[in-house]
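Using the sequences and the hints given, assemble the complete structure.
Take a look at the letters that make up each chain.
Number of protein chains: 2
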Amino acid sequence: MKEKWSILDALRHSRHDWLNKIQLIKGNLALNKIERVHEIIEEIVRDMQHETKLTNLGAKQFAELLMTYNWEAKKISISYEVLGDGCDLSAHDSELTEWCRAFLQVMEQQADMNRESHLEISIEAFDAEVRLFFDYSGTISDENAFMEWLNTHERGASLCLEQFSIHKDEMTVAIKIARKHQG
Amino acid sequence: MKEKWSILDALRHSRHDWLNKIQLIKGNLALNKIERVHEIIEEIVRDMQHETKLTNLGAKQFAELLMTYNWEAKKISISYEVLGDGCDLSAHDSELTEWCRAFLQVMEQQADMNRESHLEISIEAFDAEVRLFFDYSGTISDENAFMEWLNTHERGASLCLEQFSIHKDEMTVAIKIARKHQG
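So the sequence lines, in the order shown, correspond to chains A and B. Residue numbers for the first sequence follow our numbering, beginning at 19 and rising by one. Residue numbers for the second sequence follow our numbering, beginning at 19 and rising by one.
Because the hints were derived from the structure by calculation, they are not lab data. Just so it is clear, CB atoms sit at the ideal spot from N, CA and C, and this is done for glycine as well. Don't take every hint at face value.
Pairs of lysine-lysine, DSS-like flavour, derived with a Cα cap of 27 Å [what the hints assert, rightly or not]:
{"no.": "1", "chain 1": "B", "residue 1": "K51", "chain 2": "A", "residue 2": "K39"}
{"no.": "2", "chain 1": "A", "residue 1": "K22", "chain 2": "B", "residue 2": "K51"}
{"no.": "3", "chain 1": "A", "residue 1": "K39", "chain 2": "A", "residue 2": "K22"}
What follows is a list of derived Cβ distance ranges for each label pair [what the hints assert, rightly or not]:
{"no.": "4", "chain 1": "B", "residue 1": "A109", "chain 2": "A", "residue 2": "E166", "range": "31 to 41 Å"}
{"no.": "5", "chain 1": "A", "residue 1": "A192", "chain 2": "B", "residue 2": "G45", "range": "33 to 43 Å"}
{"no.": "6", "chain 1": "A", "residue 1": "R119", "chain 2": "B", "residue 2": "A175", "range": "24 to 34 Å"}
{"no.": "7", "chain 1": "A", "residue 1": "A109", "chain 2": "B", "residue 2": "K194", "range": "38 to 48 Å"}
{"no.": "8", "chain 1": "A", "residue 1": "E166", "chain 2": "B", "residue 2": "D103", "range": "21 to 31 Å"}
{"no.": "9", "chain 1": "B", "residue 1": "K39", "chain 2": "A", "residue 2": "E138", "range": "41 to 51 Å"}
{"no.": "10", "chain 1": "B", "residue 1": "S97", "chain 2": "A", "residue 2": "E166", "range": "17 to 27 Å"}
Encoded structure:
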């Protein structure tokens with residue numbers, strides 16, 4: 019995993035992603051599918067709202083991990099959404115980032131090069147509680163190895179495993195972050 | 019001038035710029051100005067080609083300076099284009115960046131807060147020779163101070179002033195980069 023991106027790397031990847039979106043708009047416009055163009059724009063705006071909300075959680079390393087993950091060719095592609103009113107996760111940034119990075123690493127070992135594997139991450143960020151749902155769809159080549167990993171990672175300083183299910187090519191994991199309350 | 023942007027800064031600014039473009043497309047689409055939407059898309063694609071060409075010159079600090087300049091509120095906004103076949107400017111990166119940064123700094127002192135000032139930079143990058151044209155349009159509050167700066171900066175290790183003209187609220191400066199030829 020590349021540890022350090024430069025500003026030029028970031029702008030190159032961002033430019034590439036955006037040009038793909040623009041091409042999609044252009045293509046549908048050429049076919050006079052105006053309704054579809056409107057939909058694409060709505061999707062773009064929604065994705066950007068999630069990106070903004072992710073940034074606003076204050077967990078910088080974690081946000082960078084998710085926002086740059088697809089920049090490198092990997093077996094798993096990820097997407098994410100941020101639900102809830104938002105909250106300040108800065109105190110949990112390192113722990114959360116390390117957990118997710120380790121989780122992604124172990125999942126990359128599970129996934130199959132020849133098949134699309136996808137991980138959808140839902141972050142439910144409320145002031146009172148924060149949950150992360152990982153919804154994986156793709157090859158799981160060694161369930162036992164994964165279970166072993168999970169056993170040693172089910173509890174951290176402030177995060178704990180809350181839910182887990184695995185079935186064939188689908189897996190869901192939910193973790194909860196216990197937040198200290200101010201005042 | 020902020021010296022170090024983070025990846026999240028870069029993505030935030032990039033997202034902001036792109037959402038403005040998307041809003042422009044959306045607005046014209048709502049007015050059924052399809053022809054205008056096509057034009058906007060062409061402009062976007064052209065700008066991105068210049069951005070790619072700028073990156074490909076191999077002058078990383080220089081590219082970053084130009085690509086991030088408008089991210090901070092300044093008196094002068096800049097735009098740029100890269101003409102020619104391109105070439106490798108990596109050996110001139112530091113000198114070019116320092117010259118441009120100093121030039122922009124002295125021009126910021128010239129510009130007026132209450133009036134729009136713009137600097138258009140054309141980079142003619144051929145393998146045999148490289149020229150940069152600076153086309154400034156805006157307030158020049160102290161011509162003599164600028165002339166003084168230019169006198170002490172008209173020649174560097176590999177760059178030299180080639181052309182200069184000033185007239186009221188317009189100024190053009192051209193510099194040439196003398197490149198060592200291989201072989």
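Hint check results:
no.: 1; hint: B:K51 - A:K39; result: holds, 20 Å
no.: 2; hint: A:K22 - B:K51; result: violated, 43 Å
no.: 3; hint: A:K39 - A:K22; result: holds, 26 Å
no.: 4; hint: B:A109 - A:E166: 31 to 41 Å; result: violated, 52 Å
no.: 5; hint: A:A192 - B:G45: 33 to 43 Å; result: holds, 41 Å
no.: 6; hint: A:R119 - B:A175: 24 to 34 Å; result: violated, 44 Å
no.: 7; hint: A:A109 - B:K194: 38 to 48 Å; result: violated, 54 Å
no.: 8; hint: A:E166 - B:D103: 21 to 31 Å; result: violated, 56 Å
no.: 9; hint: B:K39 - A:E138: 41 to 51 Å; result: violated, 27 Å
no.: 10; hint: B:S97 - A:E166: 17 to 27 Å; result: violated, 56 Å
Violated hints, listed in ascending order, are 2, 4, 6, 7, 8, 9, 10; each of the other numbered hints is respected by the structure.
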